[in-house]
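Undergrad: Residues per chain are reported as follows:
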Amino acid sequence: ETGVTQTPRHLVMGMTNKKSLKCEQHLGHNAMYWYKQSAKKPLELMFVYNFKEQTENNSVPSRFSPECPNSSHLFLHLHTLQPEDSALYLCASSLDREKGQPQHFGDGTRLSIL
Amino acid sequence: AQSVTQPDIHITVSEGASLELRCNYSYGATPYLFWYVQSPGQGLQLLLKYFSGDTLVQGIKGFEAEFKRSQSSFNLRKPSVHWSDAAEYFCAAKLGGYNKLIFGAGTRLAVHP
Numbered sequence: 311e312t313g314v315t316q317t318p319r320h321l322v323m324g325m326t327n328k329k330s331l332k333c334e335q336h337l338g339h340n341a342m343y344w345y346k347q348s349a350k351k352p353l354e355l356m357f358v359y360n361f362k363e364q365t366e367n368n369s370v371p372s373r374f375s376p377e378c379p380n381s382s383h384l385f386l387h388l389h390t391l392q393p394e395d396s397a398l399y400l401c402a403s404s405l406d407r408e409k410g411q412p413q414h415f416g417d418g419t420r421l422s423i424l
Numbered sequence: 002a003q004s005v006t007q008p009d010i011h012i013t014v015s016e017g018a019s020l021e022l023r024c025n026y027s028y029g030a031t032p033y034l035f036w037y038v039q040s041p042g043q044g045l046q047l048l049l050k051y052f053s054g055d056t057l058v059q060g061i062k063g064f065e066a067e068f069k070r071s072q073s074s075f076n077l078r079k080p081s082v083h084w085s086d087a088a089e090y091f092c093a094a095k096l097g098g099y100n101k102l103i104f105g106a107g108t109r110l111a112v113h114p
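Residue numbers (my numbering), protein chains in the order written: chain A, 311 to 424; chain B, 2 to 114.
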């Protein structure tokens, strides 16, 4: 299996639920990213991890909690979400040891908050 | 501030017609430049990238892009559009040595038969 895989593809949850999004990459990359894509808004970078260390948190609310146990796996733990958190959540990875390398994206998790 | 601008939110072309999607960047130095495509319900797929050298770069699916330093532009082109090209297209840029990718707002392409 190659590329960036995200699970689940679709998730419906209530505002009081706790769930997790999973991302896995089989490209040998060292950097991983979470993005939020809402309708009619630009892609928003949420978190960046480089060699398992978080290097960027783009003022994301604490109800989103990332976890990166190793360079191949990235999680986004969700709790007490709001309706405005409904969006497509995209994971990406890149080989950041070399300058200018592109990011490779998964197909995303479509999240709906009831 | 660093930014990427895609002036056209929606573009409609007829199948077989040529296509040009515009992208302008604002950076202190020439960034690395990328074009991605997103089909409905899917993630972003890399079409092509510009690092340095030849200013005309070839990508997948018959797309090409031309880097023009004087205009701070990196426009995407295709000589003959196919119905399957209907999607959203994103231009993106980043500076070397720093991994933050900045995206434009995207251009949604519709293709008429």
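Simulated from the structure, these hints should not be mistaken for laboratory data. Incorrect hints may appear among the rest.
Capping the alpha-carbon separation at 30 Å, the derived lysine-lysine pairs in DSS-like fashion look like this [claimed, not checked]:
#1 Lys101(B) with Lys50(B)
#2 Lys62(B) with Lys328(A)
#3 Lys101(B) with Lys69(B)
#4 Lys332(A) with Lys69(B)
#5 Lys101(B) with Lys409(A)
None of these values were measured; they are calculated from a predicted model.
Undergrad: Find the hints from earlier in the document that the structure breaks and name them by number, from lowest to highest.
TA: Per hint list: 2 and 4 violated.
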